[in-house]
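There are 2 protein chains.
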Amino acid sequence: MLISDLTTPALLVDRDVLDANLATMSAALPGPRLRPHVKAHKTTALARRQAAHGHTGFTCATVRECEVMAAAGLGADLLLANEVLDTRRLGALVTGGARVTVAVDSAETIAAAAAGGVREVLVDVNVGLARCGCPPEKAGDLADAARAAGLHVRGVMGYEGHLMLVPAPDRGRLTRDAMELLVRAAGDVGGAVISAGGTGTYLDNTWATEIQAGSYALMDTAYAGIGHPFGQALSVLGTVISVAPDHAVLDVGLKSLAMDHGLPTIEGAEVRFCSDEHTTFVPRDPVRVGARVRVLPAHVDPTVALHERMHLVDGDAVLETWPVDMRGW
Amino acid sequence: MLISDLTTPALLVDRDVLDANLATMSAALPGPRLRPHVKAHKTTALARRQAAHGHTGFTCATVRECEVMAAAGLGADLLLANEVLDTRRLGALVTGGARVTVAVDSAETIAAAAAGGVREVLVDVNVGLARCGCPPEKAGDLADAARAAGLHVRGVMGYEGHLMLVPAPDRGRLTRDAMELLVRAAGDVGGAVISAGGTGTYLDNTWATEIQAGSYALMDTAYAGIGHPFGQALSVLGTVISVAPDHAVLDVGLKSLAMDHGLPTIEGAEVRFCSDEHTTFVPRDPVRVGARVRVLPAHVDPTVALHERMHLVDGDAVLETWPVDMRGW
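Protein sequence lines, in the order shown, are assigned to chains A and B. Sequential numbering of the first sequence, starting at 1, is according to the UniProt record's numbering. Sequential numbering of the second sequence, starting at 1, is according to the UniProt record's numbering.
Source of the hints: derived by calculation from the structure; they are not laboratory data. The beta-carbon is built from N, C-alpha and C at its ideal position, and this holds for glycine as well. Incorrect hints may appear among the rest.
Label pairs and their calculated CB-CB ranges [said to hold, decoys possible]:
hint, chain 1, residue 1, chain 2, residue 2, range
1, B, Ala52, A, Thr209, 52 to 62 Å
2, B, Arg288, A, Asp144, 40 to 50 Å
3, A, Ala192, B, Thr321, 50 to 60 Å
4, B, Arg89, A, Asp170, 44 to 54 Å
5, B, Arg89, A, Pro245, 22 to 32 Å
6, B, Glu180, A, Arg272, 18 to 28 Å
7, A, Thr95, B, Ala23, 44 to 54 Å
Simulated coverage check for chain A against chain B, where a stretch passes if three residues somewhere in it have a Cβ under 8 Å from a Cβ of chain B [as the list claims (entries may be wrong)]:
hint, segment
8, 128 to 138
9, 206 to 218
10, 293 to 305
Take a look, some chain B residues computed to stay more than 12 Å from chain A by CB distance [what the hints assert, rightly or not]:
hint, residue
11, Pro9
12, Arg49
13, Ala71
14, Gly91
15, Ala130
16, Gly140
17, Gly225
18, His247
19, Thr265
20, Phe273
21, Val282
22, Pro302
Make a model of the complete structure from these sequences and hints.
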């Protein structure tokens, strides 16, 4: 099959770039030093490729991601790096033989984990991103409360998400400051795990015992800006459906690429705006109606979540088609 | 079932507000004066409710929307108000008994319609939105070409999408200017149909024979700003998963609401930012972990496209659950 046979819009993954990204990351963070985050691709076929590179523990953002990973035989060590109140489905996974660790940052989330049948937790510590996580000085008390509730505390997590796109060298200095908080909390909490980091800080963060990077596999134009050695593996293939004297229109729009990080990029063209099912762009060289064009999204995670499937390609050849099987909640 | 039983994030549709919106629109634009656009809800159960209000012709943006509408028995008069090059699946619908009219704006899209087995077209005219549509002065020639290719030309369409959120009275004046172009093109093209308009211009546009409004049914905060008599029927239900001294966090994020029109709104709170699965907000009154909060998205169409289902609710009671069955392409 060729990409010209695909219904557009279609998510394309360049096989060579993907494999190079996986190999580069595995060389830097081998085996358990990396806990790949599946939220960035939501695709068990891609997670299986990450497992083949030696990473058998995975990070998830939703209960659904845990369920589908476990069902695919990838549930040896799943971290739900997020707080959940409704833990019944997680408990069912544990009963079914998966290893599931969940983040807790409050008495309520500890009670929910215990009540739902989850046995292992990480204490989530706020290291500067204004989101989840307890204050660092409360982490020890929460660990005690979790143990009192019968839970095994594996350690801490703390996501320095606000630093991912900060340019070097500030990124390194700020990561050190954030991780100082986490390492101190880890001392209070006990346990072997210090889980943190992401694609932006994968080299800066030398304090975490495991890095939760996800975007490195497929990449996006936001991450491309910081100069890491990962290539743009993901694009959205579109068809030119209309050509006007001063612009052209693709059948790729808001419903096939996420706009939270801004407009997408088209090589050799200026993107003017996106509508639900359209991108209006100004090509440098004339394009014809029916031509296929690849669009690079600014943010990979929510773009992938809009698609039912992704196609692994080598040039114009479609090698495999993978269901994006971890969508929804 | 109560909304407290739902897994979050969950799409809620307030039954009373929805029914009021449908009734208000049907009173203003009865029967064939409205051709509801299904792209705004992607849900045949909701389209069936629109049909019950007397609107039996529908507007679609994708081939998939046409297919699912036809399969649901709602294919009496479907307009695919978009250019398509791969028309084979549309031809199959026509063969299966659905009435499908497709927009054309070029020799290529006319050839595709004819080759794919579509029998009826509208000539799409650019009325000022820099997107699809032929120049008005070319519409007559395209109609001749379509007839020469064996197609029945039902008339014209022209979407004044750039005017939807313009405040009155400018919106009325600019709509008149745009529709002057379309009416003139309609004279050159022939046929009975002048299809145009949307929720923003549903009262301004008195030149179109049918209005393609969609957002009026569920609404969003962007459209709420122009003061039309449609209420916010749609919200995303979230659970408070973490509470910090200066903010709280919901399990609703970029993957459950679209950000292309900006941040969502929470009554009685200030939204700070959204991440993949989180909204960080500052509530006016304290909230507790586990509380349920409704989030109003800025743009309804791409928000709905992120969800597998929507729940029709009356207060805290879940009345029905509808699959969002027109997603994908």
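Hints, verified against the model:
1. Checking the proposed 52 to 62 Å range against Ala52 (chain B) and Thr209 (chain A) shows it holds: the Cβ atoms sit about 59 Å from each other.
2. For Arg288 (chain B) and Asp144 (chain A), the hinted distance range of 40 to 50 Å is not satisfied, since their beta carbons lie about 22 Å from each other.
3. Separation of Ala192 (chain A) from Thr321 (chain B) is about 43 Å and departs from the stated range, judged on CB atoms against 50 to 60 Å.
4. Taken as a hint, the range 44 to 54 Å holds for the pair Arg89 (chain B) and Asp170 (chain A), whose Cβ atoms sit roughly 52 Å apart.
5. Range check, Arg89 (chain B) to Pro245 (chain A): Cβ separation about 31 Å, and the 22 to 32 Å hint holds.
6. Against the hinted window of 18 to 28 Å, the Cβ-Cβ separation of Glu180 (chain B) and Arg272 (chain A) comes to about 25 Å, which satisfies the hint.
7. Taking the beta carbon of each, Thr95 (chain A) and Ala23 (chain B) are about 49 Å apart, inside 44 to 54 Å as hinted.
8. For a cut-off of 8 Å, the count of residues in the segment 128 to 138 of chain A with a CB near a CB of chain B stands at 5, and the three-residue condition holds.
9. Under a criterion of three residues with beta carbons nearer than 8 Å to beta carbons of chain B, the stated coverage of the segment 206 to 218 of chain A fails, only 0 such residues being counted.
10. Counting residues of the segment 293 to 305 of chain A whose C-beta sits closer than 8 Å to any C-beta of chain B gives 4, which meets the bar of three, so the coverage hint holds.
11. Against chain A, the non-interface label of Pro9 (chain B) is violated: not every CB pair exceeds 12 Å, the least being about 6 Å.
12. Remark: the non-interface label on Arg49 (chain B) is consistent with the geometry, its nearest Cβ contact in chain A lying 21 Å away (cut-off 12 Å).
13. Distance to chain A confirms Ala71 (chain B) as a non-interface residue, since its nearest Cβ pair spans about 17 Å, more than 12 Å.
14. Every Cβ of chain A is farther than 12 Å from the Cβ of Gly91 (chain B); the closest lies at roughly 15 Å, confirming the non-interface assignment.
15. Annotated as non-interface, Ala130 (chain B) brings its C-beta within 12 Å of a C-beta of chain A; the closest such distance is 5 Å.
16. Against chain A, the non-interface label of Gly140 (chain B) holds: every CB pair exceeds 12 Å, the least being about 18 Å.
17. Residue-level check passed: Gly225 (chain B) sits 18 Å from the nearest beta carbon of chain A, beyond 12 Å.
18. With a cut of 12 Å on Cβ distances, His247 (chain B) falls inside the contact zone with chain A, its closest approach being about 6 Å.
19. Consistency note on Thr265 (chain B): stated as away from chain A, and its beta-carbon is indeed over 12 Å from all of that chain's, at 16 Å minimum.
20. A beta-carbon of chain A is positioned within 12 Å of the beta-carbon of Phe273 (chain B); the least distance is around 8 Å.
21. Interface exclusion of Val282 (chain B) from chain A breaks down, the closest Cβ pair being 10 Å apart, not more than 12 Å.
22. With 12 Å as the threshold on Cβ separation, the claim that Pro302 (chain B) sits away from chain A is violated: the shortest Cβ distance comes to roughly 4 Å.
Hint check: violations occur at hints 2, 3, 9, 11, 15, 18, 20, 21 and 22; the rest are consistent with the structure.
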